[in-house]
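Protein chains in written order, with our numbering: chain A, 1 to 462; chain B, 1 to 462.
Honestly, the hints are just simulated from the structure, not real lab data.
Source: prediction; values computed, not measured.
Treat the hints with care, since some could be wrong.
Treat identical chains as interchangeable: a pair holds within one or across any two.
Think about it this way: if two alpha-carbon atoms lie no more than 30 Å apart in a straight line, the pair counts; the simulated DSSO-like pairs of lysine-lysine are [as the list claims (entries may be wrong)]: (1) K57 <-> K441; (2) K340 <-> K427; (3) K131 <-> K396; (4) K131 <-> K299; (5) K268 <-> K131; (6) K445 <-> K435; (7) K406 <-> K57.
Protein chains: 2
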Amino acid sequence: MNQVKGDLKSINLVERLKEILPEDRITTNETVLLNHSQDESFHPSSLPDVVVFPQVKEEVVGILRFANDHKIPVVPFGAGSGLEGQTIPICGGITIDFQEMNKIMDINPRDLLVVVQPGITRLQLNAELGKHGLFFPVDPGADATIGGMASTNASGTTTVRYGAMKDNVRDLEVVLADGSVIHTGSKAKKSSSGYRLTELFVGSEGTLGAFTELTLQVYGIPEVTVAGRAVFSSLHNAVQAATSLLQIGVPIARMELVEAITIKGMNKSSGTNYTEDTTLFLEFHGSKGNVDGDLDITKELFTGFGCYQFDIETDSIGRKKLWEVRHNHLYILKHANPGKKVLNTDVCVPLSALVEAIEFSRKCIDENGLDGSIIGHIGDGNFHASIVLDQNNLEKVDSVNEQIVKFALSVGGTCTGEHGVGLGKMKYQHEQHGKALDVMKSIKKVLDPSNILNPGKIFRLD
Amino acid sequence: MNQVKGDLKSINLVERLKEILPEDRITTNETVLLNHSQDESFHPSSLPDVVVFPQVKEEVVGILRFANDHKIPVVPFGAGSGLEGQTIPICGGITIDFQEMNKIMDINPRDLLVVVQPGITRLQLNAELGKHGLFFPVDPGADATIGGMASTNASGTTTVRYGAMKDNVRDLEVVLADGSVIHTGSKAKKSSSGYRLTELFVGSEGTLGAFTELTLQVYGIPEVTVAGRAVFSSLHNAVQAATSLLQIGVPIARMELVEAITIKGMNKSSGTNYTEDTTLFLEFHGSKGNVDGDLDITKELFTGFGCYQFDIETDSIGRKKLWEVRHNHLYILKHANPGKKVLNTDVCVPLSALVEAIEFSRKCIDENGLDGSIIGHIGDGNFHASIVLDQNNLEKVDSVNEQIVKFALSVGGTCTGEHGVGLGKMKYQHEQHGKALDVMKSIKKVLDPSNILNPGKIFRLD
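Starting from the given sequences, assemble the full structure and let the hints guide the process.
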């Protein structure tokens, strides 16, 4: 479904790109094109015309300048682990794969800052940071690239304590559509100078520029980490307990809600013997004294909300197992349904509406006879209903997704808490943002007048 | 120095505004104009042509629509406590004073959210929140309005723990230049939907729109609050100790650096008997167990960095006194210099450059024979040199300010950590932001094509 755009069909892309970067980093190899035609979502694939692998900023500048001159679509590409089709080149053109720009440029423990290129993955980064007693907390599950995580404002299990990408990116080096290079921030921890461009570019999904360097805030590895599971007799009690914990200010590092039905699936596939009831998976970070104190408070408070079982894992093997079981729920679902895809809803709602939103989602799934599990980043009000998808139930699943989104919007929530808009959430942008969508479009138009940057994502410009 | 702009001189503003709001909330009374001609900075005053006091959003819409049609400058005005001339109407026109839009629209303890109108001050808000066991943490010192604080991305003593305004505003209702109304966010704690307009508008200093409603994140009042003072034998040791404390993740709620010379002034004017050496003023928030734990860790760590005195205040009277002494430093300086003004520098630098930046600033002040004190939000790398100003030393003070800013920029910092750009930091915008300044200007131009919104602030558009 490549649209003919600009000079795309009239010029020899490879020949022209050879003027910008070496031939061995420009490819039209079919397998490579195929690998860049799809992400981990259910959205239909679409081939780029060419894939390039820049190694330095200057090459990215050259590519964008060329593409802009000839109105050729450009899609920045990280690990391809997106869940809403952000990197699918629906208009063809040039896909810039950043895998060869994956260096750590600087680790600065005194400033708790690190400067990286966009193609480094979070696990690669954390392996290196660990040697300095540091870590980067944002954990979307997948081993995404830092550039990709910034482009979708990714977050995850640790966001309740450490925030999302927007909270942890201090500065971006961005190549704009016309090839000019800007820095959006500084190395200072806070600033009131000029408009806040860092947050504008974080989450812009490649539609405003290509990131070539990111300055991130990092953290000292906590002295003590304790994981745990708290079992409740009802969803309602679990959510109330979690909300109260946040309200009294316990700095919980992870707090994940898992439905009883999903625990059942976990036990079956992971060989665990967890009590099959609504469970909060927890993690505490801090000094020994503080973690002990937090555990005491949490246990006492949770008991008041009907928590009848509270198990903790203090050693790293136990913790690892616990989080593996939690993280594997998607693979469990996929394994149980070979050859099928999974749609992940991603709404985020105010905490007061969370119980109702989850119950509503469960009802929609069941009433439509679908197979799905629900997992929630409960401290943020963000949850995913992962629903098994095939050719026969596509419309039904889409309708359930839509019902869940509409519910979230009706209570003041958002259609996407962390996966981004991409292709999947475009149709809800007007309902969610109203006239603010026009403001977004006007910013897009002024920064990318030829609409070469990831065209057709987030919103249509016509 | 009012510039003639648009139809400003050819139409009767009061008559036309009477079509939008009642006559008794439109004034050209000289005293009122005078009160809106200046803020708390040293910048020259300039009169508005008229001041209006809207009570509802629809009136703000009407005012902006009218102003936009006739290209008349509009300046949103909160408490007038700005420090960089943001609310000085240098082009005349209409000043919108939001003091009659100061209601709390909703307090929602379950979601830890509150919805307010822009004219409420932070003390008014906290008085009301306290009844619900909640508080809004951002504390810039002055009793600024929430709208004003959002417009400069204000922060202060508690930012090291709770963040700046950008971190605590969940949604803004904004009236744009053409009178259209948008919401920039949602009630969800996180979102990856569309461009992040909330952070774009926070800190835009009235140049992109007028805020008519703000949804803020609030916090449960901590069970225990303990304040303290830690005395060090050198600036270097104090900063190292503070940096280390952050690195190991102690969630300190306030950490303020005060120079020995400033402690001396405090003792003299406040009747205290504090040890006259480099001091960190501290505050800990949390459960009893956690605060005790944090205190133990802090004391032990600080001792390792040469802290030789550590006093704590557990009761509210002692805490109040301690912070009064800290907050009064500016008034002390003003009292000691009747009739004179004070310039506050506001740079923010990476923590690793903080000692050098403070020592450099002290040297500049002393070498120029100026009178000034230095106070630092040390956890953020942000500090203020408050320098006494009169007609005779204006150039010298300006030159010292400039030297301090240039130093901050040379180490990757920012010219303003929390006061904003206004008039005072305009001349550093190009040096700090480079080509990113063009991006800011292009956003301004597309959202306010007639440049009616607080014209002549942050940057010039010619």
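Hints versus structure:
| no. | hint | in the structure |
| --- | --- | --- |
| 1 | K57 <-> K441 | both (27 Å within a copy, 24 Å between copies) |
| 2 | K340 <-> K427 | within (24 Å within a copy, 59 Å between copies) |
| 3 | K131 <-> K396 | neither (49 Å within a copy, 48 Å between copies) |
| 4 | K131 <-> K299 | between (34 Å within a copy, 27 Å between copies) |
| 5 | K268 <-> K131 | neither (37 Å within a copy, 49 Å between copies) |
| 6 | K445 <-> K435 | both (16 Å within a copy, 18 Å between copies) |
| 7 | K406 <-> K57 | between (42 Å within a copy, 27 Å between copies) |
This entry does not satisfy hints 3 and 5, going by the numbered hints stated previously.
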